[in-house]
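4 protein chains.
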Amino acid sequence: MDYQAVLEEVAAHARPYVRQGRVADYIPALERVSADRFGIAVADINGDVYGVGDWETPFSVQSISKTFSLALVMAQSHGGHDSIWRRVGREPSGTPFNSLVQLEAENGIPRNPFINAGALVVTDRLQTLTGDASTSMLHFLREESGNEDLAFDQAVADSEAEHGDRNAALAHFMASFGNLENPVPSVIEHYFWQCSIEMSCRDLAVAGGFLARHGLRADGSRLLEAREAKRINAVMLTCGTYDAAGEFAYRVGLPAKSGVGGGIIAVIPGRCTLCVWSPGLDARGNSVAGAAALDHFTTLTGWSVF
Amino acid sequence: MDYQAVLEEVAAHARPYVRQGRVADYIPALERVSADRFGIAVADINGDVYGVGDWETPFSVQSISKTFSLALVMAQSHGGHDSIWRRVGREPSGTPFNSLVQLEAENGIPRNPFINAGALVVTDRLQTLTGDASTSMLHFLREESGNEDLAFDQAVADSEAEHGDRNAALAHFMASFGNLENPVPSVIEHYFWQCSIEMSCRDLAVAGGFLARHGLRADGSRLLEAREAKRINAVMLTCGTYDAAGEFAYRVGLPAKSGVGGGIIAVIPGRCTLCVWSPGLDARGNSVAGAAALDHFTTLTGWSVF
Amino acid sequence: MDYQAVLEEVAAHARPYVRQGRVADYIPALERVSADRFGIAVADINGDVYGVGDWETPFSVQSISKTFSLALVMAQSHGGHDSIWRRVGREPSGTPFNSLVQLEAENGIPRNPFINAGALVVTDRLQTLTGDASTSMLHFLREESGNEDLAFDQAVADSEAEHGDRNAALAHFMASFGNLENPVPSVIEHYFWQCSIEMSCRDLAVAGGFLARHGLRADGSRLLEAREAKRINAVMLTCGTYDAAGEFAYRVGLPAKSGVGGGIIAVIPGRCTLCVWSPGLDARGNSVAGAAALDHFTTLTGWSVF
Amino acid sequence: MDYQAVLEEVAAHARPYVRQGRVADYIPALERVSADRFGIAVADINGDVYGVGDWETPFSVQSISKTFSLALVMAQSHGGHDSIWRRVGREPSGTPFNSLVQLEAENGIPRNPFINAGALVVTDRLQTLTGDASTSMLHFLREESGNEDLAFDQAVADSEAEHGDRNAALAHFMASFGNLENPVPSVIEHYFWQCSIEMSCRDLAVAGGFLARHGLRADGSRLLEAREAKRINAVMLTCGTYDAAGEFAYRVGLPAKSGVGGGIIAVIPGRCTLCVWSPGLDARGNSVAGAAALDHFTTLTGWSVF
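Listed in order, the protein sequences are those of chains A, B, C and D.
Here this note's numbering is used: position 138 in the first sequence is 138, and no number is missing along the way.
With positions in the second sequence counted from 1, the corresponding number in this note's numbering is that position plus 306.
With positions in the third sequence counted from 1, the corresponding number in this note's numbering is that position plus 612.
With positions in the fourth sequence counted from 1, the corresponding number in this note's numbering is that position plus 918.
Incorrect hints may appear among the rest.
Chain B residues, not near chain C, derived (Cβ > 12 angstroms throughout) [claimed, not checked]: (1) W391; (2) R417; (3) E449; (4) G452; (5) N488.
To give an idea of the interface, some chain A residues facing chain B are shown, with a C-beta separation under 10 angstroms as derived from the structure [as the list claims (entries may be wrong)]: (6) A12; (7) L100; (8) V101; (9) E104; (10) F140; (11) A218.
Honestly, the hints are just simulated from the structure, not real lab data.
The beta carbon of each residue, even a glycine, is placed where N, CA and C say it ideally should be.
All chains should be built: construct the whole structure from the sequences, respecting the hints.
What follows is the structure, encoded as structure tokens:
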């Protein structure tokens, strides 16, 4: 497979979709990103990386961080990794990504780890396991990506906190059901720090390599059992793109996780990890050009899990 | 009407219902109240007061305070009293009293001022109008009841705050829709202080006299226009007993407001205000013996708004 | 009280509201009624009747019939009148009048007898009790109104049946929970026939007199116990105007039942029954000019149950 | 791969789960099936078939038929196959399989073709395309399975119709939104006939071969484009096992469709189609022993789409 040629064709196909959609504007720090940006990178399982466009420009990972916090919690729970699943489900939510409705109907147990409520539970668990959830994630991402410059974006984290009433509501609500181990302000703070990490398509494709390598880290050591890595991919496919997961599976057919910063990572198990970035979002919070690019990538390569 | 005789017959009728139901146990300070208590008082519009049983024993007013905070907000908004109704509705909620579902569907506007979310909005408004919502209510209640000993119960307020994650969730959620004027912690604190006030049946029946006197205070001065007082009664009838308001209207046929401390105040417009207290609650949070007593009172007197 | 003068002032006040709102257009037979119509009638408890405007023009009673079917079922269930309440609730619905959501959550038991689902249950019961629900209602209305010309409007009934998929859905859904005694097509048919009856404001005010007379019929015989009549009024107040009952209680303060034909009946217990008609409906299905007229009537007379 | 050996090991593993769960008892015709049954079959893409246990015993396909009706509609809509997707979505439902809630919130457009409401829309479309939806499906299944004895089970179809109020409610409800092309009774009838078809594990594994062969039929002709076949697999993975699809993807990691008769078909794209059968169902309507068998199959073979 000539990845570079494929990525160039994909980028050409996606170009008309760039600037479509709407850049996330709920916090100023995200709003000022140019809608013109587009980048895509592929990291194959041997560690080779290819990219086109703005593939080396850092952007705010936002909800893509939820994949990594879930992986870290599963990795640190060897022998008892099912415990997190008593506190968060594995079903698609069927409602918008920060809905309180199901949380209420289901006694404070979020539907899955990729809606905000579920991610708060995972962060809470990571905080208990590590004593410092956001820093432990940053260190992991630096090691896996090989980019020691990765950092939190304090302006983004502060801005999230300022506009964080909805996440505070979710956290207090789960606390009222006894589903948090740490104080609400601490959980929210670590959650916002994780979301604020800045990474490029290159960084994310490389750092997510363990999902394509059935759990092996960049240095060949094992982060997760193969079974666990497959299961994260399964949750990404059914729940990774907010309430458009069914549509995304239908069109693209790959496990993927999106963020409102405009990034999407996707996994072709046994082959490679991709990351695409373009800030314009559709109504459900997924990058318009990013989804078009992944759709075209699977069309060109014939690679799909189905 | 020989009130004293009627009350004694009502108390005899209600006696078998005392100890039925379940004393509120979500905070320790409420849980330790004896289930055996029962008192009832009537204050007629001339200021005469009658009572039987534990009618002079103070108990935690809890949600009965919502009637008074609404009245105070309406009283302080002369010429513009409709403004609170842009931030809270007047419809029965149709769902349990602290539900987040409708709040989410209806953009952070609570259904009515007597569910927790709506009462938080009213407290927030009272805070803006007075600079000290809970103290202004305490002063009003002292004046109207003529009981200068009325006080907050700090143990109850602290206990509510400790177990206050659900109300914090409601407040943060409304703040995320821009429906709070003051900081969340301040609104919650004043709300808990208001709920913690200790009053007896006598105190509450007397203090609620303005609802039977079409808005006139105990000293003859006007708190509310007649139209406004009638409207508070209307909201009490349709929304005052959590999600049992229809049932309560059917059985009792009077405007009423209940609290999880076991108290219920009820109004017979133009005649009198009643307060009954017994701590055992039914599944919807209303006093079992209290409802039975009011039911029997309307049967004996033939008084009902219908 | 000079009823005639009051009604004339009320009509003058309501005039600007006529043609506001939107004439029901879901079936052709209703759509062709002129939006210009306005009439109002009062029948006092002695049988005197007053009216202005189009108060003698027949219109489609639609959901106002629900009040009469409930009364007939309660009247025919002496000694066991509570049985209907095992199959239908007494709580406001909190959601639009033909919602399936609560019906699903609550195992096929409709919230109250005035939403469509609840009225289908009441009709089903009336069918069991009488063998011919719609004819028995027609005969009752003829007797009470003294108007032997009352009749079904076949075009309306047929038109409802043609567009009756939503009511068929409700009925089949309740049947799936075992909450219908008669075959779905029969229940729906009688329901549509009842709704299609044509009556004037005069007819309805007179026929509804038993609600103001605490259960006594026009001929002085007893239809309902006083307690039962009061209870129907209570259900009208909390549930009679679709999901605007709280608002209606707040503004008007009277038990009332509206229909999409533009009619509203209202009760002042112990005094009189009113009926107002104007076809333009607000977003919740209540006559705009009709509600304005009742609001002004209570302002002028000072009569309100609160 | 020694399929026969694998199937035998899978059957041994699944054995303790047989008789767990609860045989569907909502219609008598299903209830009388013995809970002891267990069979599993694999058809590889070359047409070789392997099986163990009761793999040649016919059972009621029930909702597994939804996969075939969707495939037939897509196959008959060449050049315009997207039209069905204007009338039914592709998202997991997030609520139990026959819920009316989302249908109401989403204007009569069912969430996906595998919940009952969605399958009724697909059957309605197949009826329009073929003039006889159930017979056209029966003929297709006979041809693909090579079993000319396949037939409807009239007792099951009649029994479904007798207890069919909930499906009638769904169909009338969608009709009220204009989302049915054919009369409700006809759509329901064809739907019940399709569900009543009796097939064995062998028959179903063979007939579902086109899903593993990227759209090619048993005789090598093309039923669906490769892209279309992949998309059916995607919808099976995200929506095929009622509201347990996320859990099923997590545990088993294969596109699958279950039925309340106790059967489940699953697809390993490019390799084979499986069918397992055991009548005991879990709380969500999926075969307990069937899910355990598929879980163990993927563990033994390492085959998973992730």
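We went through each hint and held it up to the structure:
1. B/W391, annotated as away from the interface, has a beta carbon of chain C within 12 angstroms; the closest lies near 9 angstroms.
2. B/R417, annotated as away from the interface, has a beta carbon of chain C within 12 angstroms; the closest lies near 7 angstroms.
3. The Cβ of B/E449 sits about 24 angstroms from the closest Cβ of chain C, beyond the 12 angstroms cut-off, so the non-interface label holds.
4. Every C-beta of chain C lies more than 12 angstroms from that of B/G452, the closest at about 25 angstroms, which supports listing it as non-interface.
5. Consistency note on B/N488: stated as away from chain C, and its beta-carbon is indeed over 12 angstroms from all of that chain's, at 26 angstroms minimum.
6. Proximity of A/A12 to chain B is violated relative to the hint, the smallest CB-CB distance being about 41 angstroms (cut-off 10 angstroms).
7. Interface hint at A/L100: satisfied, since its Cβ lies 4 angstroms from the closest Cβ of chain B, which is below the 10 angstroms cut-off.
8. Interface hint status for A/V101: upheld, as the beta-carbon distance to the closest one in chain B is roughly 5 angstroms, under 10 angstroms.
9. Checking A/E104 against chain B by beta carbon gives a least distance of about 5 angstroms; that is within 10 angstroms, so the hint holds.
10. Taking 10 angstroms as the C-beta cut-off, the interface hint given for A/F140 is violated, the closest approach to chain B being about 30 angstroms.
11. A hinted interface residue such as A/A218 counts as satisfied when its beta carbon comes closer than 10 angstroms to some beta carbon of chain B; here the least separation is about 39 angstroms, so the hint is violated.
The earlier numbered hints that this structure contradicts are 1, 2, 6, 10, 11.
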